[in-house]
Amino acid sequence: MALLEIKGLRKSFGGVKAVAGVDLQVTRGQIHGIIGPNGAGKSTLFNLISGYYRCDEGSIFFKDKEITRYRPQTLVKMGMGRSFQVTKIFPRLTVFENVQAAVLFSKGYGLNLFSDARRLVVDPAEEILSMVRLSGRAHELSGVLAAGDRKRLELGITLASNPDLLLLDEPTCGMSPLETNETIDLIRKISMEKALTVLFTEHKMDMVFGIAAYITVMNFGAVIAAGTPAEIKANDRVQKVYFGEGHVA
Amino acid sequence: MNTETMNPAREEKEHPKKKGVRWPVWSTLGLLLVLLPFILEKGVSSYYLFLTVKVLIWVLFATSFNLVLGYGGMMSLGHAAFFGIGAYTCALLLVKASCPPVLAMLAGPLAAAIAGMIAAFFSVRVQGAFYFATITIAFCQLAYTAAFKWRSLTFGDDGVQGIPVPAFISTEASYINLYFFALAVTVLCLYVVWRIVKSPYGLLLRALKEDPVRATFIGMKGQQYRFIAFVTSAFFAGIAGVLYAFLETSVAPDILSWTFSGEVVLMSVLGGMNLFLGPAVGAAIMILLSSFVTSYMKYWLFTMGTILILIVLFCPKGVGGLVLDKYRAWTKGE
Chain A
1 MALLEIKGLR KSFGGVKAVA GVDLQVTRGQ IHGIIGPNGA GKSTLFNLIS
51 GYYRCDEGSI FFKDKEITRY RPQTLVKMGM GRSFQVTKIF PRLTVFENVQ
101 AAVLFSKGYG LNLFSDARRL VVDPAEEILS MVRLSGRAHE LSGVLAAGDR
151 KRLELGITLA SNPDLLLLDE PTCGMSPLET NETIDLIRKI SMEKALTVLF
201 TEHKMDMVFG IAAYITVMNF GAVIAAGTPA EIKANDRVQK VYFGEGHVA
Chain B
1 MNTETMNPAR EEKEHPKKKG VRWPVWSTLG LLLVLLPFIL EKGVSSYYLF
51 LTVKVLIWVL FATSFNLVLG YGGMMSLGHA AFFGIGAYTC ALLLVKASCP
101 PVLAMLAGPL AAAIAGMIAA FFSVRVQGAF YFATITIAFC QLAYTAAFKW
151 RSLTFGDDGV QGIPVPAFIS TEASYINLYF FALAVTVLCL YVVWRIVKSP
201 YGLLLRALKE DPVRATFIGM KGQQYRFIAF VTSAFFAGIA GVLYAFLETS
251 VAPDILSWTF SGEVVLMSVL GGMNLFLGPA VGAAIMILLS SFVTSYMKYW
301 LFTMGTILIL IVLFCPKGVG GLVLDKYRAW TKGE
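Quick mapping for you: the protein sequence lines, in order, are chains A and B.
FYI, in the numbering used here the residues of the first sequence are 1 to 249.
FYI, in the numbering used here the residues of the second sequence are 1 to 334.
No wet-lab data here; the hints were simulated from the structure.
You may find that some hints are simply not true.
[What the hints assert, rightly or not] Once the Cα atoms are required to be at most 20 Å apart in a straight line, the calculated PhoX-like pairs of lysine-lysine come out as:
| id | chain 1 | residue 1 | chain 2 | residue 2 |
| --- | --- | --- | --- | --- |
| 1 | A | K107 | B | K221 |
| 2 | B | K198 | A | K107 |
| 3 | B | K42 | A | K77 |
[What the hints assert, rightly or not] Under 7 Å between C-beta atoms, here's a sample of chain B residues computed to sit facing chain A:
| id | residue |
| --- | --- |
| 4 | L203 |
| 5 | V213 |
| 6 | G219 |
| 7 | Q223 |
| 8 | L322 |
| 9 | D325 |
[Stated by the list, open to error] Simulated DEER-style distance windows between Cβ atoms:
| id | chain 1 | residue 1 | chain 2 | residue 2 | range |
| --- | --- | --- | --- | --- | --- |
| 10 | A | H139 | B | A138 | 19 to 25 Å |
| 11 | B | K326 | A | N162 | 54 to 60 Å |
| 12 | B | F130 | A | G8 | 48 to 54 Å |
Model, not experiment: these values are computed from the prediction.
Glycine included, every Cβ here is placed at the ideal spot set by N, Cα and C.
Just need the whole structure built from these sequences, with the hints factored in.
Below, the structure written as structure tokens:
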């Protein structure tokens with residue numbers, strides 16, 4: 001059963017067709033990877049799904065409801081969370097406050113003007129920090145974190161909204177091989193514990209094949225292949241896109 | 001000086017200990033503030049008490065403004081409009097309508113808040129600091145022009161003169177009553193603003209300032225948060241305006257001009273806009289310096305300009321930030 005379904009999605013910037021008629025289905029509870037070379041349209045696709053951009057054509061369904069023109073705030077409320085390729089956190093808040101702010105909002109405290117924020121949602125925020133392995137750095141300013149820690153913090157912020165679908169745009173970008181492996185384990189663990197559906201984009205093939213149950217391959221804004229990791233590995237067209245015309249698996 | 005910053009990296013467990021340490025400091029400060037008017041008026045000169053009340057008013061104005069600049073990240077160049085509308089509303093109700101003083105006092109900040117709603121309706125929806133600043137400065141000049149040209153209502157460039165000050169804060173014989181009234185109002189307002197910045201709303205407002213896109217993707221509607229900050233700030237600026245009207249017993253259009261707005265921006269930069277009490281420190285320094293420097297030389301603006309250049313170049317956290325950093329280094333034994 002599809003949690004997210006995309007039909008004939010198109011988006012152009014001037015003469016450049018960034019997303020050129022993409023069809024995609026993301027099954028509930030699955031970890032689904034989107035791969036493709038630079039400029040394939042992966043991030044644009046994410047921006048369309050999450051309401052950051054408006055599409056030119058096509059439709060998007062989430063939980064069987066058409067969400068094509070929905071704003072990001074509405075999608076967050078419906079259970080969609082996302083991270084960005086270039087990490088977006090609140091750099092001059094502490095690590096704890098980053099997650100706490102997201103939890104406070106999701107629990108409806110956003111327009112509370114007189115309670116003491118320091119005493120609210122402490123346990124849920126600490127639980128999330130523990131989940132993303134940042135408990136030890138809770139009271140540091142988040143702006144001083146290393147790239148890998150920032151990615152994990154962003155994941156924590158996203159989890160604070162209790163999403164059903166997690167969109168992760170290059171979640172291991174800028175990480176060392178060790179950090180990449182740790183992040184793969186972390187995403188897999190969180191996905192299982194919280195019964196999350198995960199849709200992610202990635203460049204690192206070992207990461208994608210290590211975690212995804214289903215893979216969609218994009219090139220020049222279009223889907224060129226989709227299937228299980230084994231099917232994708234054996235796909236000639238994918239081999240050509242990634243390794244050139246002369247390579248045969 | 002209060003040592004709370006907008007980026008407190010501390011644990012809940014530390015609170016009781018810190019409160020315990022702070023009580024003697026607050027008690028001493030309270031005692032000083034109670035004794036100050038008597039020392040100044042009886043021992044020095046009533047002019048210095050007048051100056052102290054002026055400092056309190058600007059402390060309130062600058063702190064309310066910082067809700068927009070320091071916490072909301074909005075560079076308003078039109079906040080004098082709300083200060084002036086508060087002052088004019090109160091003054092005109094007292095002079096033209098012989099309104100009861102309490103009603104006039106309440107009407108001032110309410111009118112400022114309504115004006116804040118109108119300005120915020122247009123300004124918080126634009127993208128980019130430049131356009132935001134442009135709209136606020138335009139609003140400020142509209143208010144200034146209305147006060148300057150609408151002579152039948154506002155007395156034009158003559159301003160509203162002879163504002164009747166309520167008996168309980170009368171300044172005819174002494175400024176002491178007005179001092180205590182201004183002190184109580186300022187402390188109460190600062191406490192309310194403090195509660196707001198420490199509330200969930202305050203935390204989310206800071207988050208919005210830090211990264212509007214991330215804030216959107218936790219579900220926040222940025223315009224709504226900015227709107228509330230702007231209107232709240234306008235309300236408190238209006239209260240400062242009412243106090244100003246009672247202190248000066250007259251108001252003129254220049255308190256609605258954009259240069260007046262510029263002064264409160266400079267106070268925030270001077271004191272440190274990333275500290276809760278930074279703008280208050282900036283306000284006190286600017287008011288006192290302007291008074292002392294102008295009594296010795298006529299180049300006050302030249303002096304102020306030089307100080308601000310030095311602050312921006314060598315002390316970007318402002319005087320408050322510098323003092324706080326030194327204090328922290330000292331307590332750590334560095």
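Status of each hint after checking the structure:
With a CA separation close to 15 Å, the supplied pair K107 of chain A and K221 of chain B stays within the 20 Å bound. The hinted pair formed by K198 of chain B and K107 of chain A meets the criterion: a straight-line CA distance of about 17 Å does not exceed 20 Å. Using a Cα cut-off of 20 Å, the hinted pair K42 of chain B and K77 of chain A is violated, with the two alpha carbons roughly 63 Å apart. Checking L203 of chain B against chain A: minimum C-beta separation of about 5 Å stays under 7 Å; hint holds.
With 7 Å as the threshold, the beta carbon of V213 of chain B comes within range of chain A, its nearest partner Cβ sitting at about 6 Å, so the hint holds. Because the closest C-beta pair between G219 of chain B and chain A is about 4 Å apart, less than 7 Å, the hint holds. The interface hint given for Q223 of chain B is violated, since its Cβ lies 11 Å from the closest Cβ of chain A, which is over the 7 Å cut-off. The restraint placing L322 of chain B at the interface with chain A is violated, with a minimum CB-CB distance near 18 Å, outside the 7 Å limit.
At a threshold of 7 Å, the smallest CB-CB gap from D325 of chain B to chain A is about 15 Å, leaving the interface hint violated. The beta-carbon spacing between H139 of chain A and A138 of chain B, approximately 43 Å, falls outside the hinted interval of 19 to 25 Å. Evaluation of the 54 to 60 Å hint for K326 of chain B and N162 of chain A yields a failure: the beta carbon distance comes to about 44 Å. Checked against the given bound of 48 to 54 Å, the beta carbons of F130 of chain B and G8 of chain A, roughly 39 Å apart, lie outside it.
Checked against the numbered hints above, the structure breaks hints 3, 7, 8, 9, 10, 11, 12 and satisfies the rest.
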